[in-house]
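Chemist: Residue strings, one per chain:
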Amino acid sequence: MPQKFILALLGLFNVGFSFGQGPEHHIPEQAVTVFSINNQKVLSNISLNELISYDFMDEIHQELFDRSTENKTLEDAGMDFNKRLNVFYGKTNYYELSGFTFGISNQQNLFQALDDFEAVPSPYPGIQLYRSFFNHLLIDKNNALLIRVEPLEDYVNQLTDSTWYSRGNLPPFYNEEEDPDNPDYNPIPQENNEINEKNYYELRDSLQYTLNQEYLTIILKDLYVSNNNLFRKDSNFRDLLTHEAAGVFFMDNSRNIDRAKNLWYLKTFLPTLYLDVQDLYEGNIITGDLLLLDQQIQFNLKAHYGDALGSIYTSLNDAKFDKNISNYIKKNQAAYFTYNVNLRNAYEKAFEVIVPILSKTKDPEVSYDLLMVKLANALINKDALFDAAKGSMFITFGGIEKVKTKRIEFFYDEVTFEYGEREAEAEEDMPIFTIGFSTKRQDIPEMVLEHLSQVTSKFQKQGDLWVYNKAIFEAAPLYLLNKKDLFILTNDSVLAKQYPNGYGKDRLSKKTLKGLKNAGSMAGYADLQALVNKFPKEFLSGSNQALIESLRSKSGTMHMHSGKTSKNSTEVQLTYDYTESLNSGKYLLDLINTLYLLNK
Amino acid sequence: MKFKYLFFLIPLLFSSCIEIIDDLTLNADGSGTLKFTVNLSSSKIKVNSILALDSLDGQRVPKLSEIEAKIGQFKSLLLQQDGISNVKTEFNAVDLIVKLTVDFKSLNQLQEGIQASLNAMNLNKKVTKEDVQWMSWEAGTLKRTMPEIFQQELKRYENNDISLLKGGSYACISRLPGQILKTSNNNCKINPSKTAAMLRINTFDLKNEPSILEHTLSTSP
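Which chain is which? The protein sequence lines are W and P, in order.
Taking this note's numbering, the leading residue of the first sequence gets 6, the next gets one more, and so forth.
Taking this note's numbering, the leading residue of the second sequence gets 92, the next gets one more, and so forth.
Read the hints as simulated data drawn from the structure, not as lab findings.
From the three backbone atoms N, C-alpha and C, an ideal C-beta is built for every residue, glycine too.
Incorrect hints may appear among the rest.
[As the list claims (entries may be wrong)] Simulated crosslink set (PhoX-like; lysine-lysine; CA at most 25 Å straight-line):
1. K475/W - K488/W
2. K387/W - K328/W
3. K325/W - K387/W
4. K466/W - K409/W
5. K489/W - K335/W
6. K154/P - K179/P
7. K475/W - K190/P
8. K190/P - K411/W
9. K463/W - K409/W
10. K154/P - K411/W
11. K257/P - K407/W
12. K489/W - K510/W
13. K407/W - K387/W
14. K257/P - K411/W
15. K196/P - K257/P
16. K475/W - K154/P
17. K161/P - K234/P
18. K463/W - K522/W
19. K220/P - K166/P
20. K257/P - K409/W
21. K335/W - K488/W
[Claimed, not checked] Far from chain P, by Cβ distances over 12 Å, these chain W residues were calculated:
22. E34
23. L134
24. G173
25. K354
26. K379
27. T410
28. I413
29. E414
30. T421
31. E423
32. M435
33. A480
34. K510
35. Q534
36. N573
37. S574
[As the list claims (entries may be wrong)] DEER-style ranges, computed between Cβ atoms:
38. K257/P - D323/W: 53 to 59 Å
39. I362/W - N210/P: 55 to 61 Å
40. Q243/P - A355/W: 20 to 26 Å
The whole structure should be built from the sequences, with the hints applied where relevant.
Modeler: Below is the structure:
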């Protein structure tokens, strides 16, 4: 009898654990990143159109962008504010999944907003299933999961190529009739005569559709048949949801496929070694609390890791801040970032942790590399090496300045209108950056620069200052300062020529310097108005362009600093101060969007 | 090889400080030489920073070597067109200057040749006759404007950086077989011997009023 009672209790517990509660129980376990938003605090004044304009909704919102969402708040759309909104994203070697889970207060209103969904027979007992062109919506009582699954393009292409060539086809992108060197070339595309056989693109579409269905089924079966979900699987995630915060952030870095890409070679060719190295990342989970305060949002981030990785990080963070750095940061600097680590300690610890792992392998190539590492460790003068690169560095952004460049100018004879070319002065806008590194061996960069100046006339010494002419896009100079135990590279001619010894009284205040000293390994500051709104996106790569675009028109300041580092975790705090009295939830969503773009 | 992203270059040109020289020499029989120069050296930092990216606004950014190869392909295709000869191209990748020189038997054949060559390059946009019909020579009268393909891009460009647009220019030079009797555009300069005319407009004014580049030159028989 007691056994039956216990079993019954366990059964009840299990059912409750799986489905009984909120929408967080519907997040697939394949999700790697989750933002869980407390609806009452954040979303009550946000319109549906505003919400779907965020990048974190981008993967799933195509069909929401129609008139059905106009002038509707989330509440009008049937969303239950007493439950959390969870936005998730995940990526495996084969597919990406994204979506959100939420509570429903009125299903009829929900379908007025999501009017492109049609009901389809559900293979999952008790679960209603709806489908639109891109997405699937699953409703379990008053909780919903909106999900999109896409096979990775590279993987689909790989499978398509493989199938295409195995059928004896020629390369799909070459058509001798389209070759401009071919005299019979006809630029008008020709129809495929083989109507019974799929062309390359049709084959790829078929494979993509099949894989899409297969992966979706795997995820949904796992969720609704095997009752597996992220909440059930991960105690860190469960714990996170108990926090009193406007929103929480979760990322399982041990399953972060983009990080794992760096280990691809090991995984493919040395799987045993990969597992050993992968062990280093075991338990590497990043969690964060988003707190809404008075005209401030705080994001408290905590990186959790295992003992091995922890011992390396602890050694890395055992560093003293190089106060010389503060000489080269202005008190009204638009943005700056300082990084302060003990490279030598970290090297010694990494050597101690990683060499035994590598020593286990019998692979000749790894063994040879290991021998080189051991020889270098024994023969290289580590004192000189780590005095040259001590581990402290800083980066500043000084806004956009006009810099002097050269251009080719055409000049015209007013009588004949003939024209010629001549070199002339020009001015172009350029973001001003400075990057500096701590060093105790100023003779080493000096030696390198002396050598370079003998090799090319582009390197010139002007007093204490080194100038690398036309270094940036064959147009603007780069200045190199080797002073005050710092090696500095900058395109800021004012800093290089007028303040080579630092900004003096205009440098960072003592209070700010104290903050940097206490900040741990990282600290940063950004005035959004000065940084984001002036930064030309042409200077950034694709993902960073999206990040900058997401922050356009925002004002306020951001502070970031790392905190305590222990053997099992490191803390980082990001603070966003704003002065405008807009909806604080909107600011929070802006910040979540930024974090989403950073982590995607 | 498809080169669908090459049209990406046109908006790029007009978001930079661009100098265009459209220099036409006509003979009495309607044949002549076109020298077309595009100079982006005033925006080297901006253009090179864009060219250093993989993509911008969701479109792939071509590499300098790909642009150079495409200019070479355009030259080969143009040489194959009826009434076209002596095609020369020059690409200064350091200062970002592209030059095209081409001899033609008639302006119609030149414009049709350019249209056919661009379409043969499999660009993502079909080039129509109107896109490249910017000059005509009839009964001793030369009619000129700016190629429609450039006009469309100029219209789309926002006044984000007026100084960039004001720094750019489009110079229309015409060297004719007879004496120029009159011009429809008062801003057009005529040389003392009345055999050549030049109209130079900055790209800011052109954006606001593309028709200011339109002009006709009537010559003596």
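Chemist: It remains to establish, for every hint, whether it holds in the given structure.
Modeler: How the hints compare with the structure:
no., hint, result
1, K475/W - K488/W, "holds (23 Å)"
2, K387/W - K328/W, "holds (23 Å)"
3, K325/W - K387/W, "holds (19 Å)"
4, K466/W - K409/W, "holds (19 Å)"
5, K489/W - K335/W, "holds (17 Å)"
6, K154/P - K179/P, "holds (22 Å)"
7, K475/W - K190/P, "holds (24 Å)"
8, K190/P - K411/W, "holds (19 Å)"
9, K463/W - K409/W, "holds (16 Å)"
10, K154/P - K411/W, "holds (22 Å)"
11, K257/P - K407/W, "holds (16 Å)"
12, K489/W - K510/W, "holds (17 Å)"
13, K407/W - K387/W, "violated (42 Å)"
14, K257/P - K411/W, "holds (18 Å)"
15, K196/P - K257/P, "violated (36 Å)"
16, K475/W - K154/P, "holds (20 Å)"
17, K161/P - K234/P, "violated (30 Å)"
18, K463/W - K522/W, "violated (38 Å)"
19, K220/P - K166/P, "holds (19 Å)"
20, K257/P - K409/W, "holds (18 Å)"
21, K335/W - K488/W, "holds (17 Å)"
22, E34, "holds (32 Å)"
23, L134, "holds (33 Å)"
24, G173, "holds (24 Å)"
25, K354, "holds (36 Å)"
26, K379, "holds (39 Å)"
27, T410, "violated (6 Å)"
28, I413, "violated (4 Å)"
29, E414, "violated (8 Å)"
30, T421, "violated (6 Å)"
31, E423, "violated (9 Å)"
32, M435, "violated (6 Å)"
33, A480, "violated (4 Å)"
34, K510, "holds (32 Å)"
35, Q534, "holds (17 Å)"
36, N573, "holds (38 Å)"
37, S574, "holds (36 Å)"
38, K257/P - D323/W: 53 to 59 Å, "holds (56 Å)"
39, I362/W - N210/P: 55 to 61 Å, "holds (59 Å)"
40, Q243/P - A355/W: 20 to 26 Å, "violated (57 Å)"
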